[in-house]
Every structure is written in structure tokens, then in C-alpha cells.
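Residue-level listing of the chains:
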Amino acid sequence: MTRTLKSLVVSAGVLASGLVWLAASAQTPAIPAWVSDPQVYAAAKKEGAVVHYCTLPQAYCEDIGKRFEKHTGIKADITRTPSGAQYSRLMQEHQAGLKVTDVFEIALVAAVVEMKAKGMLEPYLPRDAVKIDAKHREKDRMYNEYYVNVQFIAYNPKRISAAEAPKRWKDIYDPKWKGKLTISHPKFSGITIDWLLQQAKLTGGWDFLQKLKANEPIVVRSSAEAIPLLVNGERPLNAQSYGDAAWEAKLKNEPIEISYPEEGVVVSHDYTGILKSAPHPNAAKVFVDYLFSPENAQWMVDHYVYATHPAVKPPAGFKPLNELKTLVIDADEVARQTQDVRDRFSAVFGG
Amino acid sequence: MGRSAGWLALAGLLAFLVLYPIGWLVLESIRDETGSLTLAHYRAAVTSPAFRTPALNSFILATSVGLLSVLIATPMAWAIARTDMPGRGLMRVLVFGSVVTPGLLTALAWIILAGPNAGVLNTWYRWFTHGTGGVNIFTLPGVIFVAVMECYPFAFLLISGALTLVSADMEDAASILGSNARRTLLNITLPLVLPAVLAGFILSFLEALTLFSSPAMIGLPARIFLLTTEIWSLFEFPRRVGVAAALALPLLLVTMGLLWLQTRLLGRRGYVTLTGKGGARRLIHLGWMRWPMLSFCLVVLTCSAVLPYVLLLLYATARTWSEPLGPANFTLDHFRAVLFSNSAAQRAIQNSTVLALSAATVASALGALIAYIAERRVLAGGPLLRGLAMAPMVIPGIVFAVGLFAGYTRPPLALYGTLWILFIAYLTKFLPYAFMNTAAAVKSVHPELEEAARIAGASTLTAFRDVTAPLIRLGVLAGWFIVFIYSLRELSASILLFTNKTTVIGVMMLDTYEFGSWPPVSALGCMLLAVNLIVVAAGYRIVGVNFLGGTKE
Numbered sequence: 001m002t003r004t005l006k007s008l009v010v011s012a013g014v015l016a017s018g019l020v021w022l023a024a025s026a027q028t029p030a031i032p033a034w035v036s037d038p039q040v041y042a043a044a045k046k047e048g049a050v051v052h053y054c055t056l057p058q059a060y061c062e063d064i065g066k067r068f069e070k071h072t073g074i075k076a077d078i079t080r081t082p083s084g085a086q087y088s089r090l091m092q093e094h095q096a097g098l099k100v101t102d103v104f105e106i107a108l109v110a111a112v113v114e115m116k117a118k119g120m121l122e123p124y125l126p127r128d129a130v131k132i133d134a135k136h137r138e139k140d141r142m143y144n145e146y147y148v149n150v151q152f153i154a155y156n157p158k159r160i161s162a163a164e165a166p167k168r169w170k171d172i173y174d175p176k177w178k179g180k181l182t183i184s185h186p187k188f189s190g191i192t193i194d195w196l197l198q199q200a201k202l203t204g205g206w207d208f209l210q211k212l213k214a215n216e217p218i219v220v221r222s223s224a225e226a227i228p229l230l231v232n233g234e235r236p237l238n239a240q241s242y243g244d245a246a247w248e249a250k251l252k253n254e255p256i257e258i259s260y261p262e263e264g265v266v267v268s269h270d271y272t273g274i275l276k277s278a279p280h281p282n283a284a285k286v287f288v289d290y291l292f293s294p295e296n297a298q299w300m301v302d303h304y305v306y307a308t309h310p311a312v313k314p315p316a317g318f319k320p321l322n323e324l325k326t327l328v329i330d331a332d333e334v335a336r337q338t339q340d341v342r343d344r345f346s347a348v349f350g351g
Numbered sequence: 001m002g003r004s005a006g007w008l009a010l011a012g013l014l015a016f017l018v019l020y021p022i023g024w025l026v027l028e029s030i031r032d033e034t035g036s037l038t039l040a041h042y043r044a045a046v047t048s049p050a051f052r053t054p055a056l057n058s059f060i061l062a063t064s065v066g067l068l069s070v071l072i073a074t075p076m077a078w079a080i081a082r083t084d085m086p087g088r089g090l091m092r093v094l095v096f097g098s099v100v101t102p103g104l105l106t107a108l109a110w111i112i113l114a115g116p117n118a119g120v121l122n123t124w125y126r127w128f129t130h131g132t133g134g135v136n137i138f139t140l141p142g143v144i145f146v147a148v149m150e151c152y153p154f155a156f157l158l159i160s161g162a163l164t165l166v167s168a169d170m171e172d173a174a175s176i177l178g179s180n181a182r183r184t185l186l187n188i189t190l191p192l193v194l195p196a197v198l199a200g201f202i203l204s205f206l207e208a209l210t211l212f213s214s215p216a217m218i219g220l221p222a223r224i225f226l227l228t229t230e231i232w233s234l235f236e237f238p239r240r241v242g243v244a245a246a247l248a249l250p251l252l253l254v255t256m257g258l259l260w261l262q263t264r265l266l267g268r269r270g271y272v273t274l275t276g277k278g279g280a281r282r283l284i285h286l287g288w289m290r291w292p293m294l295s296f297c298l299v300v301l302t303c304s305a306v307l308p309y310v311l312l313l314l315y316a317t318a319r320t321w322s323e324p325l326g327p328a329n330f331t332l333d334h335f336r337a338v339l340f341s342n343s344a345a346q347r348a349i350q351n352s353t354v355l356a357l358s359a360a361t362v363a364s365a366l367g368a369l370i371a372y373i374a375e376r377r378v379l380a381g382g383p384l385l386r387g388l389a390m391a392p393m394v395i396p397g398i399v400f401a402v403g404l405f406a407g408y409t410r411p412p413l414a415l416y417g418t419l420w421i422l423f424i425a426y427l428t429k430f431l432p433y434a435f436m437n438t439a440a441a442v443k444s445v446h447p448e449l450e451e452a453a454r455i456a457g458a459s460t461l462t463a464f465r466d467v468t469a470p471l472i473r474l475g476v477l478a479g480w481f482i483v484f485i486y487s488l489r490e491l492s493a494s495i496l497l498f499t500n501k502t503t504v505i506g507v508m509m510l511d512t513y514e515f516g517s518w519p520p521v522s523a524l525g526c527m528l529l530a531v532n533l534i535v536v537a538a539g540y541r542i543v544g545v546n547f548l549g550g551t552k553e
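Line by line, the protein sequences are chains C and U. For the first sequence, counting from 1, position 62 maps to 62 in the working numbering; every step adds exactly one. For the second sequence, counting from 1, position 262 maps to 262 in the working numbering; every step adds exactly one.
Same shape as in the complex, but just chain C:
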């Protein structure tokens, strides 16, 4: 083949593909504003699907998937799993060499740090993640948080008056709450690690565990399990109530009130990242772009989830993250201390 013929064929090919691209872009809507890289976007559309594990309530997962699909035409296959089960699966898949999952979202800091150490993660920083506070980003871009879990005190106003309710974290150790308190077990609830670490910091040591035990709390597995017990009066005070679960009950006019402790609310990390073994690496990036987008952040806040993106308008009565005094511990420190915190807790409470 001669040189000219070759270049003719090549340019014809380029022209043809350009025409195909033009035709395609005429049919599909423009690239969404939150997309970081149009080339990645085009590749993502070819991949056509993204597989995501998430810990939000099932209905929220479904909604995210539908919105993402509407914007991009990329199918989002989202499985809702508790953090512990998700971590087990990710490890299991890694061990078996399966390439099935693209994006994870998990409230278990130590697990994320372990995955990073094992080289399981693909670095990525979506465009909008630059706008969020640096404490919600990881320095090597391996995982970032588009929302966090916020823990505060919740009480049943039918059993406890607003005047009587704890105003500071240390108030929950008052013996008058004996038999009225719920807490969560750090062995099962990831966000409890942060909570316990903060309590140790605030009270200057681990003696608070004994005081907590003296109040004979009920120890639940998942923090949200405490809400029905609070609402029906069985345990009117929840020492570590959290975000959307408490708000959902409040919106249904259940008797539940939130007390934001003076020292600040406990923020626990909830990380999102991409796996190195992702079968749809481009769609994974576009999907993470969307999770961090202002649009998704607004939806989250509308549903009382503490999105990290600052450009959100909160619904009435809801204090968003940037209006709250927060207590945050660095993820690496949480990971380092996880085992120690659990051992200390188990030594006092058993299990």
C-alpha cells in the first residue's frame, strides 16, 4: 500500500468516526456539567454499566442509580450491603481474583486503609471533590467522602423534657440515665469507633467506659436499631444517634428530639473509592463524579444526609455540615486505633 493511499484511508476513517460521533452527540444530551473528563465520559458510555456497593438505605441507592442512568444512559447496578458484609465481600472477591465491582462506599475506615495498603484501590479525585473540605479527602486520592455520618444525642420528649436532656457528651454518664440508655457495639458498628475515640479524648482517658457500663446501656449492633427502642419508650435516650435515621423518624412525627452536644457532633468517615480491579474503570470515574456533584449533594441534604459539598441548601430545621461544630479524627488514626478501641470496649462490656 502506498503512503498516500494509507493516509487517505486513515483520514477517511477519522472523518467517518467524527461523523458517527457527531450523529451520536446529536441524539444524546450534552455531557453533564459535573463530568471531570469528556474523554473518560465517552469511554464510560461505551462500557455502559457501573457496579457499586453502597451502605445507604436501599431506597436511596435505587434513586442514585436512576438519576445517574437518566443523565448518562449508563446503567448503575447498586447493591446495598452493611459495611461489615461489604468489606467481607470485597476481600472475598479480591482473593478469588474476581473483577466484578467498580465503586465502593463504606463506613469502615480501617477496611479502606487496609485495601489501600494491599494496593486494591485506584486513585481518583472527581472535579467537585476539590470544593469539599480537605479533611474529607485522602492525600493520595484513594478514597474521599461525598457524605459523612454525624452522631449526636437523641431523646424521647415524651419521657425526657428538653431541659432535662443531655446538653454535653459528658451528661450521658450521669447516673440518672441508668437503664435508659442505648449505645452501639464497636465490633459491629464502624462509626462507633470514632464515637468512642472522641469520648476518650473529651473525658481524658478510658474511665468513661466504666461510667457508661454503670448506666446499664442496651448495646445494639447497628446504631439505627436504637431508634425504635427510643420511640416506643423502652430506651428513651440514645447516646449515639445518627443522621438520616433519626431525621426519618422525626419527619414521621415520632417522638424524637435531637440534642447537638456543645462539644460538637462526632463525625465518622464514610469513604467512596474505585477498585483497581474495576471491570468498568471509566464508568466508575463518571459515577464517582456524579456522587460528588452538587446535584447529588443537594438530593442527599434534602434527604437529611450530611453531604460534604458546601453548595447545598438545607431543608427547614436541618443543620448542614458547615453549620455544625464537628469533631473529626483523621482516618489513619481511626484505623490504627480500631483494634485497641474494640479491645478496651470488650474488656468492659464483654463480647
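One thing to keep in mind: the hints can contain errors.
[To be verified] Cut-off 35 Å, straight-line C-alpha distance, at most; resulting in silico cross-link-like pairs (DSBU-like, lysine-lysine):
#1 Lys46/C <-> Lys501/U
#2 Lys116/C <-> Lys501/U
#3 Lys45/C <-> Lys501/U
#4 Lys501/U <-> Lys276/C
#5 Lys211/C <-> Lys46/C
#6 Lys250/C <-> Lys75/C
#7 Lys118/C <-> Lys501/U
#8 Lys501/U <-> Lys75/C
#9 Lys501/U <-> Lys252/C
#10 Lys501/U <-> Lys170/C
#11 Lys99/C <-> Lys501/U
#12 Lys176/C <-> Lys501/U
[What the hints assert, rightly or not] To give an idea of the interface, some chain C residues facing chain U are shown, with a C-beta separation under 7 Å as derived from the structure:
#13 Gln58
#14 Lys75
#15 Ile78
#16 Thr79
#17 Ala85
#18 Gln92
#19 Arg221
#20 Ala224
#21 Val231
#22 Asn232
#23 Gly233
#24 Pro281
[Stated by the list, open to error] Every beta carbon over 10 Å from chain U, so not counted as near; a handful from chain C, in silico:
#25 Ser161
#26 Lys201
#27 Gln337
Don't read these hints as lab results, they were simulated from the structure. All C-beta atoms in this analysis are idealised placements derived from N, C-alpha and C, irrespective of residue type, glycine included.
Got chain C sorted already, so can you dock chain U onto it with the hints?
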């Protein structure tokens, strides 16, 4: 030779189903992160003080549940299957209600009823007595109580199945010889159903050992730690699957021990109740004893079925649970959400139904054939087959799932993400129930019936199909229903094996429960009951036999 090839293939299939995932589990228990062999996991399981109390608690729980289940189920089964106690039909319906209630709902109901501060029963009691006393469900007896409510119905099914088959011939003989009703019961009827009673004990004992709901919902909050909750926590960070396997595998020895004990206790005595000579079954007149018996049954069934379902319905239809119930607080939104707007719930109901139907059908067929091989000693190594068929029962679902995951995610068996992996999980996990139910039935059928067929020229397989199978149909059916009911709500193995497309009811229920919402859980529970009811009613129409022992008139 050609004839026994079929039997051999069956035994081979069973061995593969059970040993393949267990083999992976064994491997998991003896290798470390890097893949080299180690005994560290077993050392941790044995020496770590963290497992000692939970192990002890679990054995206390299992033994109490085993004994109490049999003590409750035996008189109830007798009264309902063999006597003229009034209201037997209603009792059967309520037993059915108890069988299909998932442990999560029973536990939830009893937290609402017997919570120390706001439990409904305690509030009433304090109102009547003006005192402060009451009961506290968050205790070890509380865990045992709820576990018995969950486990006794299975012992009931086994025992009532056996009782229905006892022909009146021997009882008649006893009364002709001057024995009164009580003596006949104690010396004739009860000894005849001893295999079923023992099987009931073993089943509830093993079941209680791997129970998840009441230990997690009542035990853990009260700081009573059990083996199951400890094993679950090994799947949280830092993940220690090797230790979980090392804790679970020795439980296989417990199963083997119990089966061996069963063989020893039953010895060579005959428990044949169904012979070629026929014999009618008549109801026993209870006289004044009818009323105490009826009250006993009513109390038990109120605890295990009536109260949970009343609460479930109230919660499922309440707008808010803190307001008084009434027309203003009534809503069907939770049902609407489950049925129409929540596509995951629809998918879960559909997947679970398909899985339960197929797992139940294959498990009961396989279970029946294996029970036949094992009891009739068609092949050498019957006891071994029995052990194999029972092995999956004692391994907690979440641990078993690790073996299944490792085994069925690599070619040529790459089934992850499909319903197949869940189907195999359910089939293997619930095979013991199908097996146990048919084994009891096979034991009670005299071989002379088959021998007659063999003499007439039939092969073992034909004799089984045409003679024994129709006779043990009740046991097979009971096995079918139990596998169906269990598969419909399976959680502990599914949690590691499901994906978005293959989500199941059990996972949905745990999710909704963990998000602190009781009404949707209750609505899902009602849906579960409905699916069960429809399938059982259909089964009753098609087969003409009710698995609770009643026969269509």
C-alpha cells in the same frame, strides 16, 4: 450393577454438594494470608478467652432449647394428632403460623412485649398490680424463651408426622390386655415415636446452635454473647475468616456425636409403625383432660404465633407507632411501598419465591432418596451418608457462605452474581431438614412392603418409587415445606452471596430492621406469611395432604 449405579451417582452428588464447600472451608481454616499452612486459626479458636463464654452460653442455649422444644412439642403433637381435643384444626393453623414466623419477627415482637421499661405485658402488669415488677426479655432466659418459640415448631412437625403414622393396632392390643389410656400412651405410643422425639431434639439443638436472630437482637443488647454473634463479628474488621472456620468446623463433630448417640439409643429396636397389614387410627378420648391440654396448646401458640402476628399487623398498618392505634393512625402505605414502589422488595420477593420453590423441590427429592439409601442400607456406608447429609446444618450460614463463595466463583463453576449460587447454597444448607424428615418416615415403613414388590420382580428403584415413596409422602412433604419456608427467609448465607439483581427477602428484612424502621419490616413479614400461605394452600390442594398431619377429607 447397573441398578446400583444410579444410587452411587446420587451418593456422589451428595458428597460433592457437601464436601466441596466444606473442603474450601477446611483450606481456609489452615492457611494464612500468604497462603502457607498454619494452625494459628485453630490455636486462636481454642485458646482465645474471648470465645470461651460465648461457646459456653451457646451450649447452654442449645441444650435448653433442645429439651424445652421436645417437652413442648411432644404433648402438643400428641394432643393435636391423636386425641379428641377441641379446636385441633385451629391449632394446626397456629402451628403453621409459628413455623413460618422468621426469628427476627419473633424476637422483635417479644422486645415490644417484654421490654423491661415499655414492654406491653409489663405496662399491663404494672397497671394491674400498681407495682414495679415484670419480666425482662434482655436476659439469658429471655434469649432461650424466644429461641424455643422459634425452634419448637420443627420438633412438632417431626413428632406429629410420626404420631399420625402410628396405627391403632398396638394401642388396641394394649387396651385389650387391660392397659388404661395413660399406660398405653407411656408404654406404647410414646416409645414408638421415640425416634422422632430424638430427631426433634437434635434438630432444635443444632438449630439453636447456629441461630442468629435472637442472639443478635436480644442476647447482644443484653451483653450475653453467643457463638453465632461472635462468628459474625469475625467478618467485620479485621476480617478473620480462618478463625471463623476454625470455630465452626469442630461443630461438625457435635453433629456426628449426636447422630451416633441417636443410633446407640435407638439400637436395634424396631420402630416400624406402618406395616403391610394396615390398621386404623382412632382418636383417643381425653375426657376432662381435654381442657388443660387445650389451655396448654393455646398458651404456647399464643406466644409463638398469635402475639407476634397481632403486633406485626398493628405495626404494619400504623402510621406512627407512638400514637394510639385507631382509624386516624391506620395506613396501608407500608404495604404499598413493599408491593409497588420499592422495586428491590419486589425483586427480593420474586427471587426468594423462585429459590425457595426450586431448593425445596430438589432438596426434598434428594433428601428422600438419601434417607432411603441410608436407612435401607442399599449401599454400604449408610451412616456415613447420614453424617454427610446432616453436616451442613451445624455450620453457621455466614461461614458456610465462605466455602460456597470460594468454591462457586471460579471456573468451571463461576456462579457469583447469579441465582444459581444462592440455589446451591439453600439446597446444601437445608438438605438436612429434608433428610431428617424423610429419614423418620422411612424408618417407620416396614421393608416387607418393598420386599413384596422385589419378589414380584421390581428393582430397588422401582420398589422405592412405587411402594415406599407414596408411603413416606407425608415426611417428604414436611421436608419440602420446611426447606421452602427456610429458604424463603434465608439470611446468613445470602448476605455474602446476593447481589443487587439477586437480592432476597431475608436481606431486605435485615436491611430495613437495621435502618431502624419497624413498620416496613412488619409489612415485609406479612408478605412473607402471605407467600407461605399461598404455597401451602396450593400444596394442600394439589397433593391432598397437609404437612401438618391432616388429611383432606
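Hint by hint, here is what the structure shows:
Simply put, Lys46/C and Lys501/U have alpha-carbon atoms about 22 Å apart, close enough for the 35 Å limit, and the pair holds. Between Lys116/C and Lys501/U the CA atoms are separated by roughly 28 Å; this keeps the pair inside 35 Å, and the hint holds. Restraint check for Lys45/C and Lys501/U: satisfied, since their Cα atoms lie roughly 21 Å apart, inside the 35 Å limit. Simply put, Lys501/U and Lys276/C have alpha-carbon atoms about 23 Å apart, close enough for the 35 Å limit, and the pair holds.
This hinted pair does not check out: Lys211/C and Lys46/C have alpha carbons roughly 58 Å apart, beyond 35 Å. Straight-line distance between C-alpha atoms of Lys250/C and Lys75/C comes to about 34 Å, which keeps the hinted pair within the 35 Å bound. The hinted pair formed by Lys118/C and Lys501/U meets the criterion: a straight-line CA distance of about 29 Å does not exceed 35 Å. Proximity of Lys501/U to Lys75/C is assessed by CA-CA distance (about 13 Å); at most 35 Å being required, the pair is judged to hold.
A C-alpha spacing of about 30 Å is found between Lys501/U and Lys252/C, which places the hinted pair at or below 35 Å, so the restraint holds. A threshold of 35 Å between alpha carbons decides the hint, and for Lys501/U with Lys170/C the separation of about 46 Å lies outside it, so the pair is violated. Under the criterion of a C-alpha separation no larger than 35 Å, the hint pairing Lys99/C with Lys501/U is consistent with the structure, at around 17 Å. This hinted pair does not check out: Lys176/C and Lys501/U have alpha carbons roughly 49 Å apart, beyond 35 Å.
The beta carbon of Gln58/C is positioned within 7 Å of a beta carbon in chain U (closest approach about 5 Å), and the interface hint is therefore held. Evaluation of the Lys75/C hint against chain U yields a violated restraint, the C-beta minimum of about 11 Å exceeding 7 Å. Nearest Cβ of chain U to the Cβ of Ile78/C: about 6 Å, under the 7 Å cut. The hint holds. Restraint check, Thr79/C versus chain U: the minimum CB separation of about 4 Å is within 7 Å; hint holds.
With a least beta-carbon distance of about 5 Å to chain U, the hint placing Ala85/C at the interface is held under the 7 Å criterion. A distance limit of 7 Å between C-beta atoms decides the matter here; for Gln92/C the minimum to chain U is near 5 Å, and the interface restraint holds. A least Cβ separation of about 6 Å between Arg221/C and chain U falls short of the 7 Å threshold, and the interface hint therefore holds. Checking Ala224/C against chain U: minimum C-beta separation of about 3 Å stays under 7 Å; hint holds.
Among the interface hints, the one on Val231/C holds; its C-beta lies about 5 Å from the nearest C-beta in chain U, closer than the 7 Å criterion. For the restraint placing Asn232/C at the interface with chain U, the shortest Cβ-Cβ distance is roughly 5 Å, inside the 7 Å limit, so the hint holds. Satisfaction of the interface hint for Gly233/C is found here, the shortest Cβ-Cβ separation to chain U being roughly 4 Å, below the 7 Å cut-off. For Pro281/C, the suggested interface contact is broken, since its CB lies about 19 Å from the closest CB of chain U, more than 7 Å.
With a least beta-carbon separation of about 16 Å from chain U, Ser161/C lies farther than 10 Å from that chain, consistent with its non-interface assignment. Residue-level check passed: Lys201/C sits 21 Å from the nearest beta carbon of chain U, beyond 10 Å. For Gln337/C, the requirement that its beta carbon stay farther than 10 Å from each beta carbon of chain U is met, with the minimum near 12 Å.
The structure is inconsistent with the numbered hints 5, 10, 12, 14, 24, although it conforms to all the rest.
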